[in-house]
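Asker: Put chain B on the given structure of chain A with help from the hints.
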Amino acid sequence: MSIAMPTPDGRIIARGPQIVAALRAVLPPDAVIDDPQETRAYECDALTAYRCPPLAVVLPRSTAEVAAAMKVCGDLGVPVVPRGAGTSLAGGALPTADSVILGTMRLRDVLEIDTDNRFIRVQTGVTNLSVSAELEPMGFFYAPDPSSQLACTIAGNIAMNSGGAHCLKYGVTTNNLLGATVVLTSGEVVELGGPELGPMGLDLLGVLCGSEGQLGVVTEATLRILPRPEGARPVLIGFESPEVAGECVANIIRSGVLPVAIEYMDEPCLRAVEAFAKAGYPDCPAVLIVEVEGSRAEIDDQIARIRAIADALNPVEFRESRNADEALAIWKGRKSAFGAMGRLGDYICLDGTVPVGQLPYTLRRIGELSRQHGLEVANVFHAGDGNMHPLILFDANKPGDLARAEAFGFDILRLCVEVGGCLTGEHGVGVEKRDLMGDQYAPDDLAIQMQVKDVFDPGWLLNPAKVFPLDASAAHRNAYRARAAE
Amino acid sequence: MTVVLDLAPATEAELAEIIADCHARRTPLRIAGGGTRIENPLVAETLSLSRLSGVVTYSPGEMTLIARPGTPLPEIQQMLAAEGQALAFEPPDLRAVLGSNGTPTLGGVVAANASGPRRLAAGACRDHLLGVRFVDGRGRVLKNGGRVMKNVTGLDLSKLLAGSHGTLGILTEVVLKTLPLAPARTTLAFPGIDESTALRIFTTALSTPYEVSGAAHVGGTAFLRLEGLDSQLAYRRDRLLALLAELRPQVTDDAPWEAIRDVAHFAGGGPLWRILCKPTDAPGICVKLRAMGGDCSLDWGGGLVWYRGPGNPRAFVPHATLVRRGGAEGPAFPPLAPAVARLNDGLRRSFDPAGILNPGLMDA
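Line by line, the protein sequences give chains A and B.
Heads up: the first sequence is residues 0 to 485, going by numbering that gives the first Met the number 0.
Heads up: the second sequence is residues 0 to 363, going by numbering that gives the first Met the number 0.
So here's chain B without its partners, still in its complex pose:
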């Protein structure tokens, strides 16, 4: 698909002007960061944020990063790594999965609340979002939150903006908490097991105080990741090895965590679903998913199931999002309970009364 850069403001003020104008004329817009996220079926002018780019402030000692939405994610990651820090929620790079060729941007990550395997231990993107600046659907420039770790001053709209896929406002600045990278990491791999055994491993490991920072099951192998100081790792690894000895774990230092994060095993074609569930429900859900003819994998200790294949998982698990259409019909987002849907709609009308920001993108 060719993306025509109809509109590409270079400043927040320009952006606000464009939005105010579109609001007045009720002209819908497709909001594009790096063009790497959920497919947007809307036929409309594209508003690109690629020129609203760059780091405003990075203070390693205060563990805060302030950057504009179009800043490429790899640029941020390199800058943080040079200081021994990272975005702890481990944002994924879904280009291979989505078949897109843009560059993932920070704004896209926040707008999708995209979080990788470490979400299990460190929380999601929204948990690391300290504040935002954004332009709402009327063209008002607004801010919420700030750049401090603890802040209960007024309503927390940052959380609302995270994961709103550009339907409430267009981010112009995000403030994220950065955390020190663990100096050492190791992985326990359990090859040749099914999901119910994997779940047993996850439940055991996640009931220990050893701060497991990744618990995934891909291609018949379960993985447990440990991160921390050297002294911690050896001890925790040995304790887990002892606890799970009967399942013959292998210690490896080059487990495919990046590939797991990016769901590389389901790159290519076909419908791809992201399913959130209670971890102990995951093995049963996998049985049903396989019965529909596809394949699945687990992350977040079983709390996240990826499914590639035909059929509609919502027949037996409500919280399923169609991340890659791959020819499948129907809405990408799961239907909401009526009262919740009404609150969602009400908020969208408040933030974007003319319905111009990615209209319909999150519709169920």
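Chain A on its own, in the form it takes in the complex:
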């Protein structure tokens, strides 16, 4: 356990029964959970190495209930950790013993679908996939598609500014979010944006999106929707080396063809995937899956262009899908990559992003670091935007292995920053990358971000020990405690 959380505030824990009673006074009976048997279900998210049951869990069903719960916590000075579906890979929803988990999963209503104005308004506990499912009969869809889309909620997507395989063409959450109903720690409800294409005043929605539950809890969202493409078809291209695959990515991007996705898998990943999913991938050091959209003729034309670009680089294989089954077969391995890796053992999944031109160098350096740390790493990621997903394999039952894996991961993330990239492309900082923020940002750069939090959440009650290194945030967090103690 190399990532520290602040010592829980014993005074808050001691007041646990009063806090729960105050929450029960404003919420329906089944919306407040304090039975330790049940709160244990909320002790971690998908970063399972770190766990801590919260003081209590509240599961409101409306903006008004969220506001009531927030006001109680705000008035009593209790930290609030917002939680969507708990799929965060960065510990974004990790509780502390003195905190209340505020879950958005019961905010389940679709409020409005307006295809003429191209938006959908939902409560934020709906899952990402269900938004597109709602829209399907109308011929529309919601573009961001994180891998966890079956489970993850819009609330979590907004908090983490989630991306997905198709964001090369359609952008990430922030590019598809039009408006939000936000509850502040004061209990105040604020409406930001709406169906209009632009903010009134400063772009508060822009800074809210991706703020990891630091600024407010989003209870309703207006999302941009798009007409479904006529069709989509992937091709699979195998290469002799990661470098050549990287060159192919850059050449495709420069050519003017805009694929919806360019996915990359390296040899260790391909081996695991073959053993697990038997997708029939070629046996070679690097594979790209490139997907294009449009009518049949448009797809043929784009694939011909991609083939010409790839052929110039002597691929080992260029596999086209001629029908839906073949298309599924091409995606099958990629979609099962994380499951396949899981069978090999425990893994840490990173998501540093690098400039596309730095991909070959970065991959080579990761290989070197892998030998140095004595841990295997597999690479599977969104190559079109340089968003890497190195998976570091380790054995959780072997003493010291997790710490070694984390140290290796930190080295990879520092490498990403060094080549001009960043620590996280779509998973968020959470607790996982919190202590590396100083590698990406100078003290003043972090200070101004924390001053933004001061404005939205002056008490530093929302997710207070995340994103910012603890020593950097201590003054902000303690200022309120000191005022409250007076």
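Derived by calculation from the structure, the hints in this document are not laboratory data.
Here the structure is a predicted model, which means the values were calculated and not measured.
You can trust all of the hints, since none of them are fake.
Derived lysine-lysine pairs resembling DSBU-like cross-links, with alpha carbons at most 35 Å apart:
no.: 1; chain 1: A; residue 1: K168; chain 2: B; residue 2: K142
no.: 2; chain 1: A; residue 1: K277; chain 2: A; residue 2: K397
no.: 3; chain 1: A; residue 1: K334; chain 2: A; residue 2: K168
no.: 4; chain 1: B; residue 1: K277; chain 2: A; residue 2: K70
no.: 5; chain 1: B; residue 1: K277; chain 2: A; residue 2: K168
no.: 6; chain 1: B; residue 1: K287; chain 2: B; residue 2: K277
no.: 7; chain 1: A; residue 1: K277; chain 2: A; residue 2: K168
So these bits of chain A aren't anywhere near chain B, every CB distance computed over 10 Å:
no.: 8; residue: L26
no.: 9; residue: D29
no.: 10; residue: G279
no.: 11; residue: A307
no.: 12; residue: E405
From the three backbone atoms N, C-alpha and C, an ideal C-beta is built for every residue, glycine too.
Answerer: Chain B in isolation, oriented as in the chain A frame:
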């Protein structure tokens, strides 16, 4: 109006020094890029960014541009075009509209979050802004974001800076995503129709997967723009022609998209308003605007209404900005809900505690 170049730092460090000094003395500043944007009524020393100019890095293969704020927009556009790329959000040149004679700069575009007709399909300037360097109101040199396409490392202050009209900080470097220019484009024109018919056209076209990249209505003609590969264009054009046949569309390859982008039809004098609304509300809003005695046009599929004329549109549509005063009284920016206004004010105080950066410019 004569702009006296009181202060014109040549480096970020010089700029930081000037700001730190003004912060200490509480001396307000007017921030000027190329002097082509929203009229600033503030009487104060002018800080010109014209010398903070030049491209730092342009990597076509990585689709990123890093440049200083005073870099003239035409210079950037030529450099990108030579590589077959562009700023996809299609920044407008509002000189004719604003009656100014400076040169539009990249910093001005970002500070105003200025976006043209393609905003509909490609997003606004802020959607293409990957990172910034800036000097805040204390004189601190700060950075946020970076130069990669996906980045959720910390709070996204770039979005906050875009469209803040220099009231939060002074940009010293912006990183923008560049995109390949579509190899071909064509336009369907629908002459002699009113706004409600135009809206019907927009709604129909924008419900198709044909990626319409411009949907405007100017002077009684509606325009739909298609951009893409040759094979795509012919197919999409024919499908749209079939869908909208009853409205007798004409295909044209020289539609006035630049003029639409620059709102050239409302160049000259008189108050000019920029109104954002739900597209389906646009025809009704236009009826009310005309009743006040002026003229209007539509862009962004009806989501953007331009109005030139007398009266105050805020009487019936809240999201209205007075882009050109033209003799009209009152604040240029629309009033905000109290809670939102408090957050805006709080952020301004955080970024600029002495209130020296374009103070009052965005006040409602």
